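Top to bottom, those sequences are chains Z and B. So that you can map any letter, position 268 of the first sequence is 268 in the numbering used here, and since no number is skipped, the others follow by simple counting. So that you can map any letter, position 466 of the second sequence is 977 in the numbering used here, and since no number is skipped, the others follow by simple counting.
The hints are simulated quantities; they were obtained by calculation from the structure and are not laboratory data. A quick note: this is a predicted structure, and the numbers were derived from the prediction, not measured. By construction, the Cβ of each residue, glycine as well, lies at the ideal position given by its N, Cα and C atoms.
Partial list, derived from the structure: chain Z residues whose beta carbon lies under 8 Å from chain B: (1) A45; (2) F84; (3) S119; (4) A229; (5) V269; (6) V276; (7) H365.
Cβ pair distances, simulated, as ranges: (8) B/L850 with Z/D342: 42 to 48 Å; (9) Z/D480 with B/D984: 33 to 39 Å; (10) Z/R14 with B/D991: 46 to 52 Å; (11) Z/L62 with B/V793: 21 to 27 Å.
Quick look at which bits of chain Z chain B covers, simulated, 3 or more residues with Cβ under 8 Å: (12) 89 to 101; (13) 252 to 263; (14) 376 to 385.
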Amino acid sequence: MSSRPVLDVLRRHRRAAAVGCGSSMLHQTCEALVPVAIGLAVDRAVATGDVRAIVVSVVAVLVLFAVLSSAGTFAFWVVDRAQFDEAHHLRTAVARAVLRDPAVLRDRQVGDALSVTTSDTRHTAEALGLVSFLASGCFGLLVAAVVLLRIDVALGLGLLVAVPVLVLGLQALTPRLEARVHDRQRTAGLAAAVAADLLAGLRPLRGFGGVPEAVRRYHLASSVSRRAAVGAAGATSVVVGVSTLATGAVLVATAAVAGGFVARGRLDVGEFVTVVGMASFLADPVRNISFCVQQLAVSRASARRVADLLRPDSPRRPLGDTTGAAPLETVAGEVLGVVTTDTATADAVTAAFAAVPGVLVEPAHTVLLGETLADALASGPVPAGRGVPLADALTAAAAPTDLDLPLADGGTNVSGGQRQRIGLARALAADRELLVLRDPTTALDAVTEDRVAAGVRALRAGSGTTVLVTSSPLLLSRCDRVVLLAADGRHATGSHHDLLDDPDYAAAVAR
Amino acid sequence: MSPTSPPASTALPVAAGRRSATVLWRTAAAHPTDLARALATTLLSSAGTVALPLLLGRAVDVVRAGDSLTPLVVQLSVVALLTALTTALARRDAERLGATVAADLRERVVERSLRMDPRVLERAGSGDVASRVTEDVELFTGSVQLGSNVLTALVTVLLSAVGFLTLDWRLALAFCVVFPVYAGSLRWYLPKAGPLYATERTVASARSQVVLQSLHGASTVHAYGMADLQGDRVAVASERTVGASRAALRTFARFSMSMNGAEAVGLSALLFTGFWLVRGDVVTVGAVTAAALLFHRLFGPLGTLLLSFDEVSRAAAALNRLVGVVDLPAGPATDPEVLARAPRRDVGLVVRGLRHSYSDGPDAVPVLRDVDLDVPAGTSLAVVGESGAGKTTLAALVGGVFPPSAGTVTLQGPDGAVDLTTLDAADVRDRVGVIAQESHVFTGTLREDLTLARPDATDEQVHAALAVVGADDWVAALPDGLDTRVGPGELPLSPARAQQLALARLVLRDPPVVVLDEATAEAGSAGARDLEQAALAVVRGRTALVVAHRLSQAAVCDRIAVVAQGRVEELGTHDELLARRGRYARLWDVWSQSAQPTLPAQPTQAPGAAAES
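Please put together the full structure from these sequences, using the hints given.
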C-alpha cells in the first residue's frame, strides 16, 4: 500500500477515470461554448433581425446541448459505477483484513471501525468522480481561454494569468480546511462509536439503570462533534466566500475592460456578450475546482483512515496474553481435561493452544454469525477426510435443530444456554484434529450439562483429540485423563476420581 | 432472498415524509436566531446572484449607446462584493444550523434507542439502530448543507422570475416554457426514485449488520480460520448494495438528460422571442442579452434544484428512518401519586397470576403461567430448572425488563405497594437492579464504566464497590488503576472480571431489590465460585431473585422455586425440597454426583443459617 491511497484508487480504475475525464471534458467544452453561442446569436441574429440567422442559431443551440447532455451523462455513468465498485472493493478489503487478523483493529472501537468500513470507504472512492470533475473544470477554463484569446489576446492573457493565481490561492486555504474537516470526521466517528458501544451493551445498561447517564455521555460526544462541524463550517465559508469573490472580481474586471474595448471599437457587441458570458461562465469551472479541492480533502482524510486499517506493517498488540505457558502434551485421540486453580492459568493455556496452527479453540464468549442457525453453524471448509453431520453435532451439543431458526445480532435473541450449545455444536461440526473447549457448559443446567458431556465424549471418540478446560465434574468424569495446573506451577495428572484426593483439585472442581 | 428485498418485517418503523418534514421544521425552529440568520443571508446572496446578469445586460445597452461604463462598473463591483460576503455568511450559517439540527436529531435518536421497548429493539437488531445512528445521521447531516443550497437555488429561481419581468413580460413567459419540461421529467422520475432509494437504504442497513457482526465476532472468525467465509458474507451484502445503487443510478442518468433538454428549449425560446421583440422594437438588444445571460446563470441553480430531488430523496429516506426511531412511543412517566406509594426500602416482591407468551394471538404458547411467588423484604429466592423452563422470562418479568402478558409483579413496602408496570424505567431501576445473561464492558476508563451506574460516585465508593465483589485486588494491580481503559480494543477483561464489574455497578447503584439471571454463567469454571461469592455479597441485605444453574448458588438462598414447563413445581427451602424427593432432589443428585466427596455447600447448614439471620 503506497502512502498516496487516493492515487492507488485512480490507478485501479485508470480506464474509468480516463473515459470519465474525457467525456466530462467534452461536456465542459460544450458548456464553455454556450456563451459563445449566445454571443453569436445576439450579434448575428437578434441585433440584425435576420430570420435565417435566428433559425441557424436555434438549431445550433439544440445540437450543442445534445452533445453536451450525452457526454455529461456518459461521464457520470462511467465514473459513478467505478465509484460503487471501488467502495465495494475497499469495504470488502477492510472487512477481510479485520477478519484475517483481529489485531488490525488495535485501539479502535467497533463503531469507529464500522464508520471506516462504511463511510470512509465511500468517501475514498468518491475521489474518482472528484478527479474527473477537477480535470473537466480545468479543461473548461482552457477552452474559455482559447475562445477569449481568439477574440482578444490581452483579455485572454489576463484571464490565463488571473485564474490560475486564484486557484492556487484557494489551494493555500485548504490545509486549514482539511484539518477542520478531519476533526469533524474524527469527532463524528467517536460519537458514532459511543452510540454503537452503548447500544451493544444496552441490555446490561438498562438492567442497572444506566440509561440516563448513558444518554448524558452520548450528548457530550455529540456536542463535541457538533462543535467540530461548526468549526469546519467556519473554515468552509471562508473558502466559499473567497472563491465567490474571486469569480465576481473576474466577471466585473472582464466586463469593465471589454466594455472599454467596445467603446474604442476593438470589440463588437457580440464579442462583448461572449466575453461577459464567458467571464460569468468561468465562475462554474472555478467553483467546481474549488469544490473538488475541498472534497478531495475529505477523500484524502478518509483514505488515510482506510489505509490505516489495511496497512500490514504497523506494530500490533497481541489480543491475548500468550506468555508463560506452553501447550500441554496431548495423546492423539484422547479427551483431556484441564483444571486450573486460577483464571489466569486457564487463560494462558487456552491462548497457548490458540497460537498453534490448526488447533480450534472455541472462544469462551460465544458469538454467533449469520442470520439463521444454519449460517451460525457454517465455519468454512472442513479439513480433508473429516466431517461430522450437522445433525450429530447438534444432538451431541443438545442444541436447537431447526436450521432456519432466525438469529439476530450474534445470537443475542436466544438464551445464553442455547447460544453456548450452538457454539459448541459449531465447534463439533468443524471437526478439527485438536479441539479445545473452554468452559463449554457454564450456562447449562446440570441435567442438560450431563447430556452434553456424554454427547461430546461420544462424538469426539475416535475422531480427534479434545481438550476441555473446565471445572465441571460432569465433563471431567468423562475425560480419559485430567491435568491439574495449580497457580504455584505444580502439575498433577490422573483420572478425575484419582485427582479428587488432591485437595487443590477437589477445591477447584467443587460446586 | 432476492437481492433487493432483505427481511424488513422486523425492522424498526420508518416515518412518513410529511411527519419527517414536521419534525425537521420543529427542530430547526427550536433555534430561531440561527434559522433567521441562515434564511436572511441566503436571501441576500440569491439577490446578488440575480442582480449581476441584469447589470451586465444593461452594460450592453450602455456600450451600444456609447455612454460611460464607469457608474455601472462601480455598481457591479459593489454587488459582486456583497454577493461574496453574503454567500460566505449563508454557507456558514446554514452549515451551523445544519450541524445543530443534526446533533439535536441524532441525540434524540440515540436517546430513544436507549429507552426503546426492549422487545422492539431485539426484533429489529442493534445493527439496524447502529446504521441509523451512523450512516443515516451522516447522510442527513450532509443533506442539511445541501438543504441550504436548495434553498439558495429556489430563492434564486424565484427572484430571477422577477428579474425577467423587469425586462419584458413576454421574455418572462418564454423563460416559463422550461417548467412544463421539468415537471414532466420529475413526474416520470420521482415515483421511480423513491422505491429505488428506499431499497438502497435497506440493503445498506443489512450490510451494516453483517459488517458490525464481523467486527464484533472477529476473534471467533479468527479462531475458526473462517475469514474467507465471513469475508464472503460481507462481500455478498456489499455487492447487493452495489446492485441497488446501480439501479438507482440508471434511472437518475436518464432523468439528468431531460434537464439539459429543458435548458436547450428554454434558451431557444428566449432567443427566438427576443429576436421578434427586438425586430418589433419592443425591447433593446441589451434586454435580450440580459435575459440570455440570466438564464445562462440559472443553469446552476435549476440544476441544483432538480439534481437535489435525487439527494433529497436519499436524505428523506434517511430522515424517515431517524424520525421513525424518534417517534417510537415512550412509556408514560410515573404518576406522582403512584410514585409516592412506591417503596424505596424494605421492599418485598409479590407475584400473582403471572403469565407470559412472546407472541400475541389465541394460539400463542405461554412460556410462563399461573406463577405466584412471595419474596419477603431482605430474603432471597433461587429459581432453578432445566433450560427452556421459563427461568429467564420469570427473571425478566420480575425485574421489570418487560411487562407480563397477564398477572402482576408488586413491590411491597411497609408503607405501600405498587405494580411494577405503573413505574417508568428510571423509577423501576431505583428499586430493582437486574443483571441478565450477557455482560458488556463499556468502552472508556474503568471508572467511567462503573460510574455509569452512579455518575456522582467518589473513587472511595467505587473502590468499596469493587471490594464487595472481590475485584479490588486486580484493579489495584493495574498500572493505571481506575484510569485503565477497558472495552473492545483496550485492556481485555475475562468474562469473570466483566461479570465482577457488572456486580460492582449494581452495588454502586444500590437498589433494594436485585434480580440475577445466570450471573455466573459466563465466568468459566475457575472463576465461578469467586463470582458466586461476589453475587452472594450483592444479594446480602437485599431482596433477591436469583436464577441459578449452579445449585450451590441455589442452596444458599433462603428459598428455592423449581420451575418446569412455565410453572412453579416446587417451592421451599433446600432441606424441604430434598426431603420431598421430587424434581429438585433429582437435580441435586445429578449436580452433586461427580463432586460428592468434597461437597462444600453443606446443605444442612447454609440455608438454615440464612433463614435464622
